[in-house]
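Throw the hints in and build the complete structure from the sequences for me.
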Amino acid sequence: MKLPRREFLQLTAGVAVLPALPRTAMALDYPTRPVRIVVATPAGLAPDIVARVVGEPLARRLGQPVVVENRPGAGGNIGTEVVVRAPPDGYTLLMANAANAINASLYANLNFNFIRDVAPVAGIARGTLVLEVHPALPIKTVPEFIAYAKANPGRINMASPGVGTPPHVFIELFKMMTGVDLTHIPYRSSLYPDLLGGQVQGAFVTVISSLEYIRAGKLRALGVTATTQVEALPDVPPIGKFVPGYEASGWQGICAPKGTPTEIIERLNKEISSVINDANVTARLIGLGTAPMVTTPDEFGKFIAEETDKWAKVVKFADIKPV
662 MKLPRREFLQ
672 LTAGVAVLPA
682 LPRTAMALDY
692 PTRPVRIVVA
702 TPAGLAPDIV
712 ARVVGEPLAR
722 RLGQPVVVEN
732 RPGAGGNIGT
742 EVVVRAPPDG
752 YTLLMANAAN
762 AINASLYANL
772 NFNFIRDVAP
782 VAGIARGTLV
792 LEVHPALPIK
802 TVPEFIAYAK
812 ANPGRINMAS
822 PGVGTPPHVF
832 IELFKMMTGV
842 DLTHIPYRSS
852 LYPDLLGGQV
862 QGAFVTVISS
872 LEYIRAGKLR
882 ALGVTATTQV
892 EALPDVPPIG
902 KFVPGYEASG
912 WQGICAPKGT
922 PTEIIERLNK
932 EISSVINDAN
942 VTARLIGLGT
952 APMVTTPDEF
962 GKFIAEETDK
972 WAKVVKFADI
982 KPV
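Our numbering puts the first residue of the sequence shown at 662, with every later residue one more than the last.
Incorrect hints may have been included.
Quick list of in silico lysine to any residue cross-link-like pairs, SDA-like style, CA-CA up to 25 Å [stated by the list, open to error]:
#1 K974 <-> F773
#2 K982 <-> R732
#3 K963 <-> T888
#4 K836 <-> P905
#5 K836 <-> K971
#6 K977 <-> N774
#7 K919 <-> V729
#8 K977 <-> V729
#9 K977 <-> I846
#10 K963 <-> A952
#11 K963 <-> P749
Okay, the calculated beta carbon distance ranges per label pair [said to hold, decoys possible]:
#12 G734 <-> P804: 38 to 44 Å
#13 K919 <-> L689: 17 to 23 Å
#14 T923 <-> L798: 51 to 57 Å
#15 K963 <-> I739: 25 to 31 Å
#16 L689 <-> G878: 36 to 42 Å
#17 P895 <-> T943: 30 to 36 Å
#18 E730 <-> T943: 51 to 57 Å
Simulated from the structure, these hints should not be mistaken for lab results. Each residue gets a CB set at the ideal place from its N, CA and C atoms; glycine is no exception.
This is how it looks when you write it as structure tokens:
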């Protein structure tokens, strides 16, 4: 039977709409099962801790379990690729962090493009690191550190958790902006035994991991990487006070696979922002040495792009190569 042209066009128009209907229904019903947050670092590190701080209250707001899954390896690229390749349905999310912005230029042959292949959802926190030295070093301030380093080029050994990690790149940014010569010593296991023993003289480390040592006088804090003072270290000034423009943060936030429906992105952003604004969660984040970061998806996307561009310049300047 031959259909009149008008009826044929009406039918084909209806067929064209059909693929969009399941996505719309999915977005309206979301979520109907557990949501997974992939953390591309081992358990116990900042991204993992932050994921667990927000995961439980987020589950209550979504009405479904939020499961934190650690998928470390390759500098965070393994866990990131798990999310990039996941269905864009809002059920597999990434706890993105500063390493993602660094890795974009550090690794030349990634199987994905971080900015192109993820959808920013919401910022969560910006973590501050502290520049600290062994007390045997005759240094008490950032200006004294710079002067000593210039008088003793290459003689200050600076530890980090590994080549291309945020603490390493923060060292290289400091070198780039001050002109000092510091020797980088990467570690695969904890750097604290050698730092506490004086085998290495300094490091950029998280506030929460070093606070006990600083208060006990086993390590000396010189400056924080944030632009403002940190509540946990009220007497330690920002490095930027002495090195204008210096700022570095170990941030965390949520991303989803590219193509995730806008309605799901907006729902997640709303609920995550509400979690971060909760007084108890805010207090826990601050207690970890981080500053809560509430953003829209667009704001978080702009932040990621700016961080990626910033660290690309440092990676190129220092000629950092992954190992």
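Now for the hints, and whether the structure bears them out:
About 20 Å separates the Cα atoms of K974 and F773, which keeps this hinted pair within 25 Å; it holds. Using a Cα cut-off of 25 Å, the hinted pair K982 and R732 holds, with the two alpha carbons roughly 23 Å apart. Among the hinted pairs, K963 with T888 is consistent with the structure: their alpha-carbon atoms are about 19 Å apart, no more than 25 Å. For the hint pairing K836 with P905, the CA-to-CA distance comes to about 13 Å; that is within 25 Å, so the pair holds.
Note on K836 and K971: the hinted pairing holds, with a Cα-Cα distance of about 15 Å set against a maximum of 25 Å. Between the alpha carbons of K977 and N774 the distance comes to roughly 18 Å, so the proposed pair stays at or under 25 Å and holds. About 20 Å separates the Cα atoms of K919 and V729, which keeps this hinted pair within 25 Å; it holds. A distance of roughly 34 Å separates the Cα atoms of K977 and V729; the hinted pair therefore is violated under the 25 Å criterion.
Taking the CA atoms of K977 and I846, the gap is near 19 Å; set against the 25 Å cutoff, the hint holds. With a CA separation close to 18 Å, the supplied pair K963 and A952 stays within the 25 Å bound. With a CA separation close to 21 Å, the supplied pair K963 and P749 stays within the 25 Å bound. With their beta carbons about 40 Å apart, G734 and P804 fall inside the hinted range of 38 to 44 Å.
A C-beta distance of roughly 21 Å is found between K919 and L689, which places it inside the suggested range of 17 to 23 Å. Between T923 and L798 the C-beta distance comes to about 53 Å, which sits within the given range of 51 to 57 Å. In this structure, K963 and I739 meet the distance hint of 25 to 31 Å, their C-beta atoms being roughly 27 Å apart. The given range of 36 to 42 Å is broken by L689 and G878, whose C-beta atoms sit roughly 58 Å from each other.
For the pair P895 and T943, the beta carbons lie near 18 Å from each other, so the given range of 30 to 36 Å is not met. About 25 Å separates the C-beta atoms of E730 and T943, a value inconsistent with the hinted range of 51 to 57 Å.
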